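Student: Following the hints, complete the assembly by docking chains Y and R onto the known chain W.
Chains as they are written, first to last, in my numbering: chain W, 1 to 180; chain Y, 1 to 161; chain R, 1 to 668.
No lab work stands behind these hints, which were simulated from the structure alone. Treat the hints loosely; a few may be bogus.
Below 27 angstroms or equal to it, Euclidean Cα-Cα: the simulated DSSO-like pairs (lysine-lysine) are [what the hints assert, rightly or not]:
1) R:LYS267 - R:LYS414
2) R:LYS414 - W:LYS30
3) Y:LYS103 - Y:LYS40
4) W:LYS154 - Y:LYS103
5) W:LYS39 - Y:LYS103
No experiment lies behind these values; they were computed from the predicted model shown.
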Amino acid sequence: MTRYLRYLVPLLLFGLLAALLLRGLSLDPKLVPSPLIGKPMPAFSLSRLEDPSRTLSDSDLRGKVSILNVWATWCVSCRAEHEVLLQLARTGKVNLFGLDYKDERSSAQRWLSRLGNPYSANGFDEDGRVGINWGVYGTPETFIMDRKGIIRHKHIGPLTPEVVDKEILPLIASLEAESK
Amino acid sequence: MKKLLTLLLLCLLFGNTALQATTTLESYRFSDKQDEQRFKSLVSQLRCLVCQNESLADSDAELAHDLRQEVYEMMLAGKTNKQVTDFLVQRYGDFVLYNPPMKPSTWLIWFGPFVVLVIAVLLLFRSLRRQRAVTQQAISDEERKRLQQALQQSTGKDAQS
Amino acid sequence: MIPELGHFSLILALCMAVVLAVFPLIGSLNNTPGWVALAKPAALAQFCFTALSFACLVNAFLANDFSVAYVAENGNTLLPTLYKISAVWGAHEGSLLLWALILTGWTTAVAIFTRNLPPVTLARVLSVMGIISIGFLSFLLFTSNPFARVYPAPLEGGDLNPLLQDPGLAIHPPMLYMGYVGMSVAFSFAIAALIGGKLDATWARWSRPWTTVAWVFLTIGITLGSWWAYNELGWGGWWFWDPVENASFMPWLAATALIHSLAVTEKRGAFKRWTVLLSLLAFSLSLLGTFLVRSGVLTSVHSFAADPARGLFILVFLSIVIGGSLLLYAWRAPDVNSGGRFDMLSRETLLLGNNVLLVAITAFVLLGTLAPLIYDAMGWGKISVGFPWFTTMFVIFTPFMVFLMGMGPLTRWKHQDPAQLARTLRIAFVISIAAGVVAALPILHGGSWQAGLAVALSVWLLASLLLSLRQRHRHNVGVANIWKSFRMRGGGSYYGMIIAHLGVVVFIIGVTFATQFTQQEDVRMSPGQTYELAGYSFRFDGAKPVPGPNYRADRASFLVTRDNREVATLHPEKRTYTVQTKPMTESGIDVGLFRDLYVSLGESLGNGDWSVRLYYKPFVRWIWLGGIMIAIGGLCAALDRRYRIAVSKRVVAPEPSRVKAPGKKANA
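Isolated chain W (complex conformation) (with noise of 0.2 angstroms):
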C-alpha cells in the first residue's frame, strides 16, 4: 500500500501549492506593514506649513488620540481622499494632524486654502528625513496614536468612508475610552 501512496507525493504536493496560491489571491503583495506598530512615534519637530514661525512637533500629538495623516499635492489619490479627511475632520471626534511630504510649500498652502483644510496643523517635510523615520514609502499613509503617543495603526492608502467608518472612528473610540 505505502507503494502506491508514494505516488500520490506530487499530488498532495501540488494540491498544497494550489492552496497558497488561492489564498495569495486574496493578498496584496504591494503592501509594506510598519514594524512601528506598538511602539511610540517618532520624535520629530517640523515648520508648520501654515505658519512657519511655529514647530509641529511629537508633543503636540501626545496627551489625546491623534491621527496622523501623510500628504502631498503632487500625490493623486491625497487629492481623492481629501473630502474624506474634510468630512473626518467635521465629525470633530478626530485630532488630524498632517505631515506634508516632500512638497513645495507655497502650492501646498494653496491647495489647502483652495479645497479645504481639514488638518489642526500641518508639518512640513521638506525633505522627507521624518518620513523615513515614520517608515513613509508612498503617500498617501495615515497613523493613529493613543494618548501615550504609541502608534496603534497604520492605514496605507487613500481613506475610503467605509475606511474611516469600519477601521478609523470605531478605533478612535476604544483608544478614547482606555484609561489615562
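Tutor: Below, chains Y and R without anything else, positioned relative to chain W:
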C-alpha cells in the same frame, strides 16, 4: 487602487519617471575606494520599497534616492553595515532587506534548498540500491531459464541421435 | 465588422477545441474509429479559426481601429509598422491570443508531422492538447476578450509602452510562447501514454524531438530577453531573478532535465516513471508561470496589469489540468515496469544526478519566488527574497552539476569501471584545478575566487568534451569525417550535445567575468570633458536634440579612444515618447567579443552638463553567445537523422546492416 496603479506604472518603467527633477544617477564620492565598494554593496542589498523588485542601487524612484542619501550620510558618519541595516529595518521591517535575514523564521528559505537536495540524493541512492538487489534476483531467474533451455536442448539431441 | 469576425472566429475555434477534446479521446477508449478520425480535422479547424481571429486583431492595429478597446490602449497612429504588429501581443489580451495561436499551431503540427503513430495514440495526444486549448480559448472569451469595443472611440491610441518598442522585445514573447506551448506536446504524449498504459522507449522516441525543439525556443526566448534587458534598460544588468523571469526559467530547467531523461528512456528504457513525471512538470511550470504573471499574486516589474478575477480563472484551469494529470500519474504509474538496469557508476546514474540537481535548482527558484507569498499567507511577516539570495544559491548548486557534466559523456551506459574513468579524466582534473588557481590569483585583475571557480569548471567541461571527441574520432580524424559522423544516425544528438555543452562553458565564462570584472563610474560630464575608465578615454562631445518617428530625443556623442587610437563613437540617447511622455534611455554600446563599452545618459544638469554612467564590461557577449550555442546544439539534436528515417523508410528499402533493434520500429 489608483495609488497602486500609479506605483505599478512607475515600476513598469523601472523608475525612469521623474516626478520631480531628481538626478537619476548620482555620484557618491568617498575618500576611500573600499568605502565606496561597501556603499555600493550595501545599497544593492537593500530593497526599493516603492518599486518592490529592485534594489536601492538600481532603482530611480524618489524614495530610493532619499534612502541612498540616508545610507551615504550614515556611512560618512562612520556607521557600520549592521547599524545602517538596523536603522532601516526599524522603520520599514525585514522587507527592506533584499536578502532575507538569518533568523529562525527564515531558516526555511536559507536551508530549505539544501534539505530538498539531500532528501533527493538519498532517495536516488535508495532506488539505485534497490534496483541492484532486483537485478541480482533477476539474473538468477534468467540463469534458471537458461539452464532449463540447455537441459531441453541436450535431451532433444539425445532423442535425435 | 472585422473585429466582430475575429470574435466570432474565436468562438468557432473554441467549439472545434471542444470537439477535439471530447470525441477522439472517448473514441480512443471505446475504439470508435470514426470519432478517432475527427482528431486531425478538428485540430486543423481549431488552428484556422484562431489564425483568422489573430489576423483580425493584427488588422485592427494596422488600420488604427481605436474603437477596439485593446487597440485603443496599446496602439497609436505614430507607431512604426513593426511595432503596430508587435503591439498585438504587447499586453494581456493580445498576448493570450498569441498563446492560443501558437497552441493551436503546435497541435496542428503534431497532427500533420506524426506519421506511423497508431491513430488511437495520436488521437489521445491531440485530445489532451484540445483540452488545454479549451482552457485558453475560454479564458480569452470569458475574461479577456481582445475584441471588446469601446464607445466612443478615442481619436488616438494610448501607445505601446516605449520599453517594448524594440525589435528584440518584439520577437521575445513569440519565442518564449513557442517554448511554453511546446512543452504541452511532451505533456500530452505523457498523458496519452499513461492513459494507454504503454510507457516504453517508443513513447520516449516520439516525445523527444518535439520536446527538444520546444526547449530550443525557450532557450532562445530567455536569451533574447536577457540581451534586450542589457541593451535597453541602461544599467548593464541582464538578469534580475524577477518573478516573471523565474517563471520562464523554471520550465527551462525542468525541460533541460526532461530532454536528458528522455535520452535515457529512449536508449535504455530506464527512468520511465521519472520521465513521465518530468513531462508533466515542465508544462505545469509553464502554466504556473502564466498564472504568476497575470494574477497579481507577486509583484514584478514585468507583470501584466493584475486582476485577481482572472487569476482565479487561471488557477482553476491550472488545478484541473495539473491536478488531473498528477491524479492520472498516481493511478497509472505504479503499473509501469522498470526498464533497463544499470550500475552505481554508469551514464544513467550521472544523468539521474544531473536531473536531481536541475530539479533541486527548480525547487529553490520556486521557493525563492513564492517565499514572500508563503510568509505573507502564513502570517509569518513580510520578507523579501531578491537577487543576492538567488545568485548565492545558484552559485552553490551549479558547480556540482558542471562536475557531473564533465564525467557524463565519458561514462559508459550501464556499467563503467571507476578506475578507467579516473584514468581518462585524471589529467583533465589536474589541469582544471591548476587553471582555476591561476585565474583566482590576486595579480590578475585583483583576484577573485569566483573567477577561479568558473575557469576551473570551464576547463574541466572543455577538457571532457575534447576527450569525448577524441574517443569518437580516434581512428578517423579530419573535418570530412566529422561531417559524415554528424550526418549519421545519432550524430546530430552527439554533436548537439558537444555544441550545447560548449555553450555552457562559454556562458559560465561570460557570466562570471562580466560580473566580477565590470568597471563602472557615474560621473557628471561637461562637453569636451574626458574620463578614463579601464584604459579607455571617454570624451563627451555634448548632446543635441533630435526628432524621431514618435519621440523627441537628446542625442549625445562620445568619442572613445585607447592609446590615442579611436575605438568608437557612441550615441546614447534620452528619449521622451510623444504619447506616454516617460523618459527612456537608449544606451550607446560598443560591442566587442571580449568587452563591451557602455554609456548611458542620466539627467541633464544644465549648461550642457549631463550625469552619465560609463561601463567597461568584459566578456558580457559570451553570456548570449553561450545561450545561442546551447540553442544550436539543441537544434542539431532535434534534427538527428534518426527521427527522419521513419519517413524515408517507406520509400527506400532499408539496408539490413543499418536497421536498428526492434525498439526503433514505429509500431507501438
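Student: Determine for every hint whether it applies to the structure shown.
Tutor: Right, here's what the structure says about each hint:
no.: 1; hint: R:LYS267 - R:LYS414; result: 11 angstroms, holds
no.: 2; hint: R:LYS414 - W:LYS30; result: 53 angstroms, violated
no.: 3; hint: Y:LYS103 - Y:LYS40; result: 25 angstroms, holds
no.: 4; hint: W:LYS154 - Y:LYS103; result: 26 angstroms, holds
no.: 5; hint: W:LYS39 - Y:LYS103; result: 22 angstroms, holds
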